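**Q** As a plain string of letters, each chain reads:
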Amino acid sequence: MSLLEVENLRTHFISRDIDNQIRVAKALNDVSFRLEAGKVLGFVGETGAGKSLTAQSICGLLRPPARIVGGSVLFDGQDLIEMPQEELNALRGDQIAMVVQNPRTSLDPLTRIGDQLVRIHQAHTGGPVTASRGRALDMMQAVGIPDPANRSNAWPHELSGGMAQRVLIAMALMNNPKLLIADEPTTGLDVTVQAQILDLMKGLTERFGMAMIIITHDLGIVAHYSDEIAVMFAGTIVESGPVREVFAKPDHPYTRSLIASTPEKLQIGGGAKLGGQPPDLYNLPSGCPLRTRCTFAEDVCATPPTRKQIGGGHYSVCHFSGALPEGGGPQ
Amino acid sequence: MSFTRFLVRRTLTVIPLLLGVVFITFMLIRVGGLDPVGQLAGPTATQAEFDMIREELGLDKPLWQQFLIYTGNVMQGDLGESWLSNRPVLDDMLERAVISLELLFWGVGLGALIGIPVGLRAAFRPNGKFDQTTRVLSLLGFSIPTYWLGLVMIFVFFYLLDWAPPAIGRIGLMIFPPDTVTGSYLIDGLLAAEWEAAWSATTHLILPVICLAIVSAAPIIKQTRAIALEVLSSETVRYARACGLPERTVRKLVFRNSAVPILTFVGTEVTGLVGTMSLIEYVFAWGGLGQYGLNAIVRGDFTAVQGYVLALALFSVLVFLVVDIIVHLIEPRSELS
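Chains U and V, in that order, give the protein sequences.
1 is the number of the first residue of the first sequence in my numbering; add one for each residue after it.
1001 is the number of the first residue of the second sequence in my numbering; add one for each residue after it.
None of these hints come from the bench; they were simulated from the model.
All figures in this text were calculated on a predicted structure; none of them were measured in a lab.
Be aware that one or more of the hints could be misleading.
[Unchecked claim] Not the full set, but computed from the structure, chain U residues with beta-carbon under 10 Å of chain V:
#1 Phe33
#2 Ser106
#3 Gln116
#4 Ile120
#5 His157
#6 Leu159
[Stated by the list, open to error] FRET-style restraints, in silico, Cβ to Cβ:
#7 V/Leu1140 with U/Ala37: 55 to 61 Å
#8 U/Glu46 with V/Ile1325: 48 to 54 Å
#9 U/Glu82 with V/Arg1125: 21 to 27 Å
#10 V/Ala1097 with U/Ala90: 51 to 57 Å
#11 U/Met83 with V/Leu1140: 41 to 47 Å
#12 U/Glu46 with V/Phe1105: 54 to 60 Å
#13 U/Pro146 with V/Leu1321: 37 to 43 Å
#14 U/Ala90 with V/Arg1333: 55 to 61 Å
Note that the Cβ used here is the ideal one computed from N, Cα and C, for glycine as well.
Chain V extracted, bound-state conformation (with noise of 0.2 Å):
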């Protein structure tokens, strides 16, 4: 199979995926309870007031109904609107993506960047001290939770060592954020030459992209050592040793075929981090998508929560999508179905 209709065939899987998870979240919120009426109209509304919004937002139509009329505006790309911000609910995550991404991508990047050589040279001498401080530590990473994580950080960094900023937004409060372009303020500041403003992103980006780093590497490292060490008692080593290959080489080998399990397991990582990500921006005020899904949640705002559920099943996907397409270049053995 060629490339391309591989590509194809793997995208048109996506759709009855994510017509799955239109109705799950569908369902759920609607059987759940989550009822914005009573929010919405406030605490002196009369009954009558009460069945004119139920009307204005078709919550009185019958529930297959409702969901046909939701299913057929999320195709045509509407989601929605916020209650909260009164605003379309795709507009206020594509803004926040952007914002979440960039944290995402930095802090999984340095986790994997720092777990997947400390995995490996754990797996190369097991149990030598280097492993065993190694596995203290991702043990303490696992174990830490991520908002007093971020809690501590900030507490040290910023108010004993005043190292950090203060833990508010993503860029200083005197400084005006650069013109957008991508939407990341550190990018968008390179690209407008406003050093200043790129250096106070970069400075308010350090603690939750280090937060976010610690909680990746350490399953990261365990994932890696686990995989190498099984790499390095198969067979294809043995031979290799019993070749006289030199130890450069063999650990090349290694290293190879360890690859793909340890890219697939960085992918379900970065998948599985979303929770994480949202207590991470909200500690440290970041304002990103996963913020507003937890504000969403909290405060019972419904189109929102279905827009934001919905994004984070496309995003897993795409997640995915990339890694099989990655993993079907370095491996020659993949088939492609």
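Next up, chain U with everything else stripped away, as it sits in the complex (with noise of 0.2 Å):
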């Protein structure tokens, strides 16, 4: 059994207009996606595509009008989406830990990071403060800030952002959880402490032996520090599979053009952008949300896509999987 599946999750905007008539923006359309424990998954797709939806979504953290319409979402065998509120919020924090995009405004101003650090831990673990105490000064080592014992004093504004970060990360370690979700961790840091925090947090999800999840805007992050890939398009995974896999033989044409536009292939002239906007979600266009921009659409892109696999995990939803050519995305 893995850590973590999520099938067929399907999480709306529904809302009234102005004429009272009922909208829905369907923002996540059948996500599935399996996570083994020990593992590193990255989400990555652009902006509005669901990657972080997916996350709240399976925290339970939706704020009106989202509201998950469908499909289930298995962390260790129990069902996150039939639980009860109370129950889940007990699991957040504790076996799931979430690390978000800026640390500097998520921690509560009014209280010294030493007290946030031991306010989750006593929230669920519980037991003597003393003991909470000792294991904050600990996680607070293990991420690698200096003298734990003066900067637990410290308030939030007198960190840096990468500082800051290793504090979230701290804050997500204090319970021991199975699963990290990481929410554009280092969207709002320099690139030299980017790659000190990611660093971190693999060697970390070694370590503590947790499973994690990030959650990205940048190919080469997921490139680097995870074990399989999910590509979101029009919330859809579009395609999934082991990180080398996916990489060396991209199927979709989405997942094509993302790997074609990054900067350095764009530099030596081999890449390609992918143009037009995203699909509006109000209006999703009938079968294949990128039948409008892909080169490859054909007649019957205009019927749902079926997910299939074309190796060994590595999946794919388009009508043409293993059959469009080698290289080049749509141009």
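Make one complex out of these two single chains by using the hints.
**A** Following this line, the structure appears as structure tokens:
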């Protein structure tokens, strides 16, 4: 059994417009993936593809008008969607920990960081406060914060971005989670600090035996740090598989254009940009959502494509899976 | 910067501010043509009498000389004499300030005590039943004219129901006020163990305090709700939920993070309510500073008006100083500059 099994997860934004008509944005459409214990899964895709929303749906952190309308999320054998809010709340920060994008604004500005670490430990694990305090210092040490005893008295606004992100990682580690979800953990950081933070997280997953989901725009990060990749587009995982396999033989036209449009590829002239706008989630095209932008599109693309296996653990959702010419994405 | 240095510096910045206020009120009143001579002299006065009074008051001197004399006097604590009461304005005001502050304290205190929890609760469930009800109520509180509310309350609770004492002052007519210690009948009565007087003072306080509380609670509810809603949608709270902190902890966090803006707002509320205070004091014949100022304006008692405006400015400055100090104590990010 996998640690995390997501099956046909569908999340919609259901709201009423000015004429009191119900409007539905289909933000996640049949998202399915698995994550084994101890593995790292990277989510990539453009803004609005549903990467963060997938994470929020899993953790039950959706805020109205977003709502899960179908599918199942099995974490360690428990269905998270059916789970009552209090139980889910007890699981968050405990077995499923999150590291978010803006560490400095996410930490509680009115509580010293040591106390915040203690607070999350007390909320989930409990026990004597001195034990929590000791663990807080250990975790600060583990994430490479120098002089933890002193730094635990610091206020969040006194930390640099990189240091604050380390605190967030320490927060995540406090209760020994099985799954760490890192939602764009390095977007706001300097490039040099980015690498440090990612190396740190990768090392910690191995040391503590955690599984990790990294959500990012950056293909390089996924290529470097994850075992598996899931490429998202318009609320669907269009291609997923082992990182090596997907980068060596990208199948879906969208994956190909993503890889082709990395700055390095564009510089050496072999790349191509994918034109067009992301599809309107209120009004998705019938069939394949990419069809209006895809150069391979034919009449058959107006019908929904199915998920096909094209290699060991390598899946693609395209009518022409495995049948498209090698190389070159849409020009 | 140390706390005492901060206090000293903050207090020093008050001086140019007050000088500015002195200048503006002085000029506004002179330019505005408040001329007391006519009223002082009476309808049958001759030109010679007019001139005499004018000379006596120093109004024949050029404006800049008058201003310098006035400023010099103010600096020595002499705000001039009110021709309405024939007493120094400063004495008049000191006597009445406590009376008004008592009303303001209970009124805004009660308003905040109601407004803040109500606003918070409404924010935790936006558009719920509680939120919708309190939104309508606070809109009502906003739109009711204060003097009308006071009059209706007197009509209902004194005239119709006879629950409240008549609105003529701060204590019953048949009761001897306690010896003056603080100036507040309630506190003085308690200090002197004159229970009857203290009780009478309390019953007289109730209606104006409720009136002021309604007027001040309405904006506090609205503002608290808005502030708490913003905190609730902040990354801090979203992260707290992602950490699986219990709901009680999250609410505490929301409250603590809303405290500074709410406090600042209540501070501006307090200073903004002085106009309302005048009306409430007038309706309830309270005899405090607000009524004094209103009376002085209506009757053209310009020394009293100047003193009143100066007192209000000083009051605002003090309120903001207190707010700043409290903010500094609860907010680790404050830089004290």
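**Q** Are the hints correct? Go through all of them and say.
**A** Results of checking the hints against the structure:
1. Phe33: 20 Å, violated
2. Ser106: At 4 Å from the nearest chain V Cβ, U/Ser106 passes the 10 Å test, so the hint holds.
3. Gln116: 9 Å, holds
4. Ile120: The hint holds - U/Ile120 has a Cβ within 10 Å of chain V, the shortest such distance being about 5 Å.
5. His157: 5 Å, holds
6. Leu159: Violated: closest Cβ of chain V sits about 12 Å from U/Leu159, beyond 10 Å.
7. V/Leu1140 with U/Ala37: 55 to 61 Å: 59 Å, holds
8. U/Glu46 with V/Ile1325: 48 to 54 Å: 50 Å, holds
9. U/Glu82 with V/Arg1125: 21 to 27 Å: Roughly 24 Å apart at Cβ, these two residues keep to the hinted range, so it holds.
10. V/Ala1097 with U/Ala90: 51 to 57 Å: Given about 55 Å between the Cβ atoms, the range holds.
11. U/Met83 with V/Leu1140: 41 to 47 Å: For V/Leu1140 against U/Met83, whose Cβ atoms are near 43 Å apart, the range 41 to 47 Å holds.
12. U/Glu46 with V/Phe1105: 54 to 60 Å: 58 Å, holds
13. U/Pro146 with V/Leu1321: 37 to 43 Å: The hinted range 37 to 43 Å holds for U/Pro146 and V/Leu1321, with Cβ atoms some 40 Å apart.
14. U/Ala90 with V/Arg1333: 55 to 61 Å: 32 Å, violated
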